[in-house]
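Each chain is listed here by its residues.
Number of protein chains: 6
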Amino acid sequence: MTEQQLTHIDEHGDVRMVDVSQKADTERVAVAEGFIAMNPATLALIVEGKAAKGDVLACARVAGVMAAKQTSSLIPMCHPLNITKAKVECAPVEAGEREDGRAGIHVTTTCGVTGKTGIEMEALTAASVACLTVYDMCKAVDRGMEIMDVRLLKKDGGKTGLWEREA
Amino acid sequence: MTEQQLTHIDEHGDVRMVDVSQKADTERVAVAEGFIAMNPATLALIVEGKAAKGDVLACARVAGVMAAKQTSSLIPMCHPLNITKAKVECAPVEAGEREDGRAGIHVTTTCGVTGKTGIEMEALTAASVACLTVYDMCKAVDRGMEIMDVRLLKKDGGKTGLWEREA
Amino acid sequence: MTEQQLTHIDEHGDVRMVDVSQKADTERVAVAEGFIAMNPATLALIVEGKAAKGDVLACARVAGVMAAKQTSSLIPMCHPLNITKAKVECAPVEAGEREDGRAGIHVTTTCGVTGKTGIEMEALTAASVACLTVYDMCKAVDRGMEIMDVRLLKKDGGKTGLWEREA
Amino acid sequence: MTEQQLTHIDEHGDVRMVDVSQKADTERVAVAEGFIAMNPATLALIVEGKAAKGDVLACARVAGVMAAKQTSSLIPMCHPLNITKAKVECAPVEAGEREDGRAGIHVTTTCGVTGKTGIEMEALTAASVACLTVYDMCKAVDRGMEIMDVRLLKKDGGKTGLWEREA
Amino acid sequence: MTEQQLTHIDEHGDVRMVDVSQKADTERVAVAEGFIAMNPATLALIVEGKAAKGDVLACARVAGVMAAKQTSSLIPMCHPLNITKAKVECAPVEAGEREDGRAGIHVTTTCGVTGKTGIEMEALTAASVACLTVYDMCKAVDRGMEIMDVRLLKKDGGKTGLWEREA
Amino acid sequence: MTEQQLTHIDEHGDVRMVDVSQKADTERVAVAEGFIAMNPATLALIVEGKAAKGDVLACARVAGVMAAKQTSSLIPMCHPLNITKAKVECAPVEAGEREDGRAGIHVTTTCGVTGKTGIEMEALTAASVACLTVYDMCKAVDRGMEIMDVRLLKKDGGKTGLWEREA
Numbered sequence: 004m005t006e007q008q009l010t011h012i013d014e015h016g017d018v019r020m021v022d023v024s025q026k027a028d029t030e031r032v033a034v035a036e037g038f039i040a041m042n043p044a045t046l047a048l049i050v051e052g053k054a055a056k057g058d059v060l061a062c063a064r065v066a067g068v069m070a071a072k073q074t075s076s077l078i079p080m081c082h083p084l085n086i087t088k089a090k091v092e093c094a095p096v097e098a099g100e101r102e103d104g105r106a107g108i109h110v111t112t113t114c115g116v117t118g119k120t121g122i123e124m125e126a127l128t129a130a131s132v133a134c135l136t137v138y139d140m141c142k143a144v145d146r147g148m149e150i151m152d153v154r155l156l157k158k159d160g161g162k163t164g165l166w167e168r169e170a
Numbered sequence: 004m005t006e007q008q009l010t011h012i013d014e015h016g017d018v019r020m021v022d023v024s025q026k027a028d029t030e031r032v033a034v035a036e037g038f039i040a041m042n043p044a045t046l047a048l049i050v051e052g053k054a055a056k057g058d059v060l061a062c063a064r065v066a067g068v069m070a071a072k073q074t075s076s077l078i079p080m081c082h083p084l085n086i087t088k089a090k091v092e093c094a095p096v097e098a099g100e101r102e103d104g105r106a107g108i109h110v111t112t113t114c115g116v117t118g119k120t121g122i123e124m125e126a127l128t129a130a131s132v133a134c135l136t137v138y139d140m141c142k143a144v145d146r147g148m149e150i151m152d153v154r155l156l157k158k159d160g161g162k163t164g165l166w167e168r169e170a
Numbered sequence: 004m005t006e007q008q009l010t011h012i013d014e015h016g017d018v019r020m021v022d023v024s025q026k027a028d029t030e031r032v033a034v035a036e037g038f039i040a041m042n043p044a045t046l047a048l049i050v051e052g053k054a055a056k057g058d059v060l061a062c063a064r065v066a067g068v069m070a071a072k073q074t075s076s077l078i079p080m081c082h083p084l085n086i087t088k089a090k091v092e093c094a095p096v097e098a099g100e101r102e103d104g105r106a107g108i109h110v111t112t113t114c115g116v117t118g119k120t121g122i123e124m125e126a127l128t129a130a131s132v133a134c135l136t137v138y139d140m141c142k143a144v145d146r147g148m149e150i151m152d153v154r155l156l157k158k159d160g161g162k163t164g165l166w167e168r169e170a
Numbered sequence: 004m005t006e007q008q009l010t011h012i013d014e015h016g017d018v019r020m021v022d023v024s025q026k027a028d029t030e031r032v033a034v035a036e037g038f039i040a041m042n043p044a045t046l047a048l049i050v051e052g053k054a055a056k057g058d059v060l061a062c063a064r065v066a067g068v069m070a071a072k073q074t075s076s077l078i079p080m081c082h083p084l085n086i087t088k089a090k091v092e093c094a095p096v097e098a099g100e101r102e103d104g105r106a107g108i109h110v111t112t113t114c115g116v117t118g119k120t121g122i123e124m125e126a127l128t129a130a131s132v133a134c135l136t137v138y139d140m141c142k143a144v145d146r147g148m149e150i151m152d153v154r155l156l157k158k159d160g161g162k163t164g165l166w167e168r169e170a
Numbered sequence: 004m005t006e007q008q009l010t011h012i013d014e015h016g017d018v019r020m021v022d023v024s025q026k027a028d029t030e031r032v033a034v035a036e037g038f039i040a041m042n043p044a045t046l047a048l049i050v051e052g053k054a055a056k057g058d059v060l061a062c063a064r065v066a067g068v069m070a071a072k073q074t075s076s077l078i079p080m081c082h083p084l085n086i087t088k089a090k091v092e093c094a095p096v097e098a099g100e101r102e103d104g105r106a107g108i109h110v111t112t113t114c115g116v117t118g119k120t121g122i123e124m125e126a127l128t129a130a131s132v133a134c135l136t137v138y139d140m141c142k143a144v145d146r147g148m149e150i151m152d153v154r155l156l157k158k159d160g161g162k163t164g165l166w167e168r169e170a
Numbered sequence: 004m005t006e007q008q009l010t011h012i013d014e015h016g017d018v019r020m021v022d023v024s025q026k027a028d029t030e031r032v033a034v035a036e037g038f039i040a041m042n043p044a045t046l047a048l049i050v051e052g053k054a055a056k057g058d059v060l061a062c063a064r065v066a067g068v069m070a071a072k073q074t075s076s077l078i079p080m081c082h083p084l085n086i087t088k089a090k091v092e093c094a095p096v097e098a099g100e101r102e103d104g105r106a107g108i109h110v111t112t113t114c115g116v117t118g119k120t121g122i123e124m125e126a127l128t129a130a131s132v133a134c135l136t137v138y139d140m141c142k143a144v145d146r147g148m149e150i151m152d153v154r155l156l157k158k159d160g161g162k163t164g165l166w167e168r169e170a
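Residue numbers (my numbering), protein chains in the order written: chain Z, 4 to 170; chain S, 4 to 170; chain C, 4 to 170; chain H, 4 to 170; chain E, 4 to 170; chain L, 4 to 170.
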């Protein structure tokens, strides 16, 4: 087990940004997800609003894309990247559709870049901030909402190549 | 159900920042939590590193506090607040300690402010970003980590007063 | 004429942030507008998209609100303010409706704060960035769009009280 | 008309950052302009101050260059770019010089980059923020100033090559 | 000696933002300074440029004021404050004028706020960034420049009242 | 002497971001340092805290790395760069160890990038902000601390190649 190393910790035990100077620029992509569970009544309010021109999910999508671009400002040891692709999808999930039965919004994010290091953190940050935005806009009616399942689904490119979450 | 309104949506269905101009400045506090589940071997690497002077959890704590201050830049309809208190605690959880048995890091955040609106989003954003920072620093050894249980535990102050999550 | 002074220039001719330390906190509001002129065909594409769930104007509204919160980071001598109200409205204007006959999007912004200094810059910045966002999202089909009429409509509060643009 | 598509809207009608992953890095340049109209007396104050070491236009130039670098943080679907060139020029225009006769400051911006997507938004954002900075520094003497003529003059590079505004 | 405590470290040895929730809002001011030493020939280039309309020191002054507003984003445990006053002065110092004989630019900064905590960090950050800006603009001709004497000269307000550096 | 030019000043005397569009991407590195002098008793408090899990120097290291990534937002004419390497080391210096005898923290920073322009400003900004962070966390016990010796030690890469500070 101890052959594995935390790459952000140097030989003295100090944190550092990992040196990627020698890595080649390759095309990379990452897909992540997140879920915010809520009362079915809260979901109904979101879905109703969605019929109108301004809606919670449009706001969450914009927030997720913008957060992807702020990732390296938020995560201390994360490399800045000029992302070339960012997409945030938000789908309502009715009570009973998921295995745990909970109603809520399911967020899927896709980020891409041509760079020396992967874009997983951008996809995960976008998913987190999209969920937080839903929380913010609905908290007056439902303080108990919970964010869960924030995780990587897939990444490709770079030396380690393709990784996919097992079902 | 429909008597409840999403306060961020106006009478035309458009998003807006809620107008809090008429609200009084009161002292407010919010406590939130989050959990990042990981392989027990990953947790061991973090705990080992923690014995040294630079460690993953110190970095996550700093990231969480700094993220609390960026909340209104990330969450579109969130009011800017001059927070007066921010604390991020990160505790290792060994496999078997939680009900679901998963190993990982448990994050608890506390934010305070004297202001016209609550500080829940700051506490939740700090918890999310602390978890994302742990992900970033350990992803080279464990891509499958999952962020969950990001939720409000307690908030106090303002017109609605005390709210606590039911156990 | 020379009795009037530029308040951001000190007695030595240097720029400075105006000292508002001695000013009282009062409730303030500002209303601004902007217009982005475009080809009627471009406007039609926006209006069509608007019927769908994700649309250019929703994105512009969110961008405008978020920009209002970044105003003091963008405008060098502008004081930071914790805005308590921000609203950005975007209305399509068909060819022939305006005096100059041009089609486009008319943006109206309203910002509020309780503070020592006015919130005009936040309203004007929100209007500018909402228009720039429309430009960005439509530039692939219409590079010739023009932003105009970015101006204050009304401000109230503070020592100078109410000001309204003459019709 | 409907053959043209808004590239920021996907097949479901959702906003997205356009995917430029497959585009080649080419050298790109964009030139934009803006104008802030004001009372001739306000212009005189600026020009007088300009003779001294600290002046409104120096501040506006710096603000414009810095804003160019913040463009992708402000405009939701705009790609981050490492700009390699940014210049903001501010020229006083006396009453009667323009066709509409208005006095004010004319801003011209030039931005360059080697990248996968164009730099028009950076040039336009720099022009807007330079004008807003002039507004901020002169608003105490002239609230009625208006920003207009914010538009692209020229762009070059990339697949679509040279575009110039018709006179 | 050990009766003194580092207030940013809690009883468990963890960093935290100090809780200032219970502190009163009082008017506060801080004055700081910094010096960037350089070759006399470099100073001559700055002073010559200063005669023209755009100059290094105007840019450094603007950068210093803007940095004061970013202080809490840069310094992890620093409280956000809505500063009400910021001034950055830059004075050329000829070789032989200082005790150590070095030529360079002397920066003095003054920041003010009405708040629960002091504004020393804003004044010190403004001084540092003004010096760094001079370095950036002159580094092509003088890489050996050194920033020194970045220190607080005076602070007033709050529970601890007036503090002044001994001559 | 006057053959040398300040590259940030154009032929009209205006500031500008230097045009690096035509420069090749090369691998570049910069090493900088800084020192914050303090009372020996303050240093003792830092070193004691360092034994515990959360400490001043861990916070300063994180702040320095994050500041390196914000450099082009802080320094007006500085080009944005996607840094590929950032490391901040903080070493306690006991009274008597330095030539001037002062106790304090010595900061060394290393930044790397593959880009069209050098990374000196990132290394210097990281050193400055690490020192400012130490000041912030210790100021309650020692307001008289001084930041000095902020300077470049070495840079390599680019057209001008290797530069090293003479001992």
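Warning: the hint list may mix true and false statements.
As the list makes no split between identical chains, a pair holds if one copy fits it or if it spans any two.
Unchecked claim - DSS-like cross-link-like pairs, simulated, lysine-lysine; straight-line CA separation at most 25 Å:
| # | residue 1 | residue 2 |
| --- | --- | --- |
| 1 | Lys162 | Lys119 |
| 2 | Lys26 | Lys119 |
| 3 | Lys157 | Lys26 |
| 4 | Lys162 | Lys26 |
To be clear, the hints were calculated from the coordinates, so they are not data collected in a lab.
Since the model is a prediction, treat every value here as computed from it, not as a measurement.
Checked hints:
1. Lys162 to Lys119: Answer is both; intra-copy 10 Å and inter-copy 23 Å each pass.
2. Lys26 to Lys119: both (5 Å within a copy, 17 Å between copies)
3. Lys157 to Lys26: Both. Shortest intra-copy (21 Å) and inter-copy (23 Å) distances satisfy the 25 Å Cα cut-off.
4. Lys162 to Lys26: Both: 9 Å inside a copy, 22 Å across copies.
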